[in-house]
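A.B. asks: Each chain, written out:
Number of protein chains: 2
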Amino acid sequence: MFKTIINAGQRLKGHANITPVMTSGTLNNLVGAEIYLKCENFQKIGAFKFRGAFNSISKLSDKEKLQGVIAYSSGNHAQAVALVGKMLDIHTTIVMPNNAPATKLAATKGYGATVIKYDPETESREDLALKIQEEQGLTLIPPFDHLDVIAGQGTATLELFDQAGPLDMLLTPCGGGGLLSGSAIAAKGVNLDCTVIGVEPELADDACKSFKTKTLHTVKNPATIADGTRTTSLGKITFPLVLEYVNDMVTVSEEDIIHAVQFSFFRMKLVVEPSGVLGLAALLSKRVVPKEKTGIILSGGNIDAETMAMILNS
Amino acid sequence: MFKTIINAGQRLKGHANITPVMTSGTLNNLVGAEIYLKCENFQKIGAFKFRGAFNSISKLSDKEKLQGVIAYSSGNHAQAVALVGKMLDIHTTIVMPNNAPATKLAATKGYGATVIKYDPETESREDLALKIQEEQGLTLIPPFDHLDVIAGQGTATLELFDQAGPLDMLLTPCGGGGLLSGSAIAAKGVNLDCTVIGVEPELADDACKSFKTKTLHTVKNPATIADGTRTTSLGKITFPLVLEYVNDMVTVSEEDIIHAVQFSFFRMKLVVEPSGVLGLAALLSKRVVPKEKTGIILSGGNIDAETMAMILNS
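Protein chains in written order, with my numbering: chain A, 226 to 539; chain B, 226 to 539.
Treat the hints with caution; some may be incorrect.
In silico DSS-like links for lysine-lysine, alpha-carbon gap of 30 Å or less [to be verified]: (1) A:LYS238 <-> A:LYS228; (2) A:LYS439 <-> A:LYS334; (3) B:LYS238 <-> A:LYS518; (4) B:LYS511 <-> A:LYS334; (5) B:LYS334 <-> A:LYS511.
Treat the hints as calculated values from the structure; they're not laboratory data.
Could you put together the complete structure from these sequences and hints?
C.D. replies: Laid out in structure tokens, this is it:
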């Protein structure tokens with residue numbers, strides 16, 4: 226599996242941003258370790274999702290590329306697929322809920338994607354996407370449960386180890402498990418002794434439960450502010466990978482998440498979305514004791530004005 | 226003068242952060258040039274002021290260091306002097322208005338400074354500082370009108386040229402002119418053909434008027450959101466330096482400033498304070514046409530929750 230991440234890294238060269246790694250004396254003193262923050266909020270479209278989308282789409286056959294791709298997402302994955310389509314001159318169709326924020330709709334359309342809206346109250350986006358996919362012969366790019374997507378997401382950690390040297394511990398957010406499993410495979414590939422920990426909101430702790438019981442749990446529509454982790458469960462592919470490569474899973478409270486967004490903003494001057502700070506939240510709330518050199522994936526920075534204003538005034 | 230900046234750069238080595246330079250394809254496409262953003266919001270205390278404070282304080286004699294230093298400021302300069310005092314084990318006294326934000330008071334005290342409060346309605350901070358300075362034999366570290374402070378501020382541009390290569394144009398905010406004159410001397414020292422432009426809020430356009438008329442103008446308590454530029458006028462030292470080294474001065478509106486803070490936040494994922502975005506605001510508002518390779522000093526990122534929430538909701 227590690228080789229697929231190295232290959233993905235080659236494929237992304239010159240297309241994805243090599244995102245900076247930030248450090249902070251204040252943070253190091255606070256937690257008593259050297260902390261390396263991998264800033265995927267500075268990635269194209271503002272989140273790591275670009276990596277998986279680019280890796281999977283660029284690997285398609287010429288025929289598949291000509292036919293076009295389809296994705297369903299209301300968030301960062303939609304924009305990632307749309308942007309990659311624009312870069313590689315591939316037609317993209319994105320299935321989005323009709324209540325998606327206007328800015329996200331506009332951004333997705335701005336990349337030249339055809340946006341198909343659905344009513345999340347009455348329609349299933351999976352069924353709708355499948356129907357369009359079959360009718361038009363499109364290739365579906367799933368948001369996480371796909372080996373090429375996972376390999377792409379893993380390249381952020383590969384880069385981080387290149388930039389910061391081998392790390393003793395890695396903390397990464399967990400939604401559907403694409404970033405977490407890719408990161409874990411990459412980290413273990415470079416340093417087998419690296420402890421990899423996935424972090425979830427308490428309100429969306431399906432992966433934690435699945436990990437601890439080794440049985441797939443689901444949590445429907447969790448009310449967490451970390452919208453990127455509102456996925457129902459780990460996937461058929463990501464669940465066994467998480468079991469195999471991840472050392473532990475922990476949860477953080479909504480207050481921990483809010484505090485970590487504030488810390489990123491006021492102390493680090495970084496705009497990080499709630500889902501993006503989960504690793505940092507685990508550290509700041511002392512739910513995880515860091516090892517000497519600990520890396521954290523700050524997975525994205527796409528946050529709307531309302532949510533940030535609410536967090537800053539909390 | 227250029228030599229003093231090179232010397233300051235040597236003095237700051239290992240003490241100041243080497244701040245990253247960010248680029249953005251979106252921004253480059255928008256303005257039709259290569260833009261290099263020097264992120265002094267990632268400097269220690271969140272602003273370039275650390276550079277001037279460190280350079281001037283570290284140059285003091287042993288006797289002066291033993292006696293201690295004093296500064297008056299309600300903003301970034303106060304924290305910079307306090308932090309340098311802590312780092313170099315020098316006692317610091319900071320004169321601050323009694324209505325300064327609690328967070329700034331706490332941060333300054335947190336660095337071990339003795340904070341003396343005054344009533345800005347009835348007392349002059351300059352007179353008070355002078356009185357304490359004389360009574361206690363302290364050395365005053367002025368916020369901008371001092372050659373060692375100016376040389377320190379210039380090191381940000383020196384670093385930027387090191388990182389991005391020689392630039393054709395440099396845009397920098399202007400308050401009291403310490404950053405602007407230091408930046409201009411540094412830029413011309415590396416590339417005599419570099420066009421250096423200072424940017425002010427329209428509401429605080431004293432330096433613009435002074436520059437165009439070659440006579441010192443003052444603007445008292447301007448109501449601009451860019452609080453770092455609310456200084457009354459250029460200084461005795463900075464005014465002639467600005468006249469000699471700066472090519473032009475332009476102003477931007479409050480709306481331009483707000484838009485540039487939003488752009489930094491949403492598109493760049495950077496927290497930049499209103500005074501810090503002035504150069505970017507001049508570019509985005511098309512008040513300045515950039516040259517092929519244009520640098521911008523994002524001078525700081527210290528913004529309170531209320532102001533940012535207001536800007537995000539604008």
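A.B. asks: State for each hint whether it applies.
C.D. replies: Each hint tested on the structure:
Proposed proximity of A:LYS238 and A:LYS228 is supported: the alpha carbons are some 16 Å apart, at most 30 Å. The suggested pairing of A:LYS439 with A:LYS334 is violated, with an alpha-carbon distance near 40 Å, which exceeds 30 Å. Restraint check for B:LYS238 and A:LYS518: satisfied, since their Cα atoms lie roughly 24 Å apart, inside the 30 Å limit. Proximity of B:LYS511 to A:LYS334 is assessed by CA-CA distance (about 26 Å); at most 30 Å being required, the pair is judged to hold.
Restraint check for B:LYS334 and A:LYS511: satisfied, since their Cα atoms lie roughly 26 Å apart, inside the 30 Å limit.
This entry does not satisfy hint 2, going by the numbered hints stated previously; all others are met.
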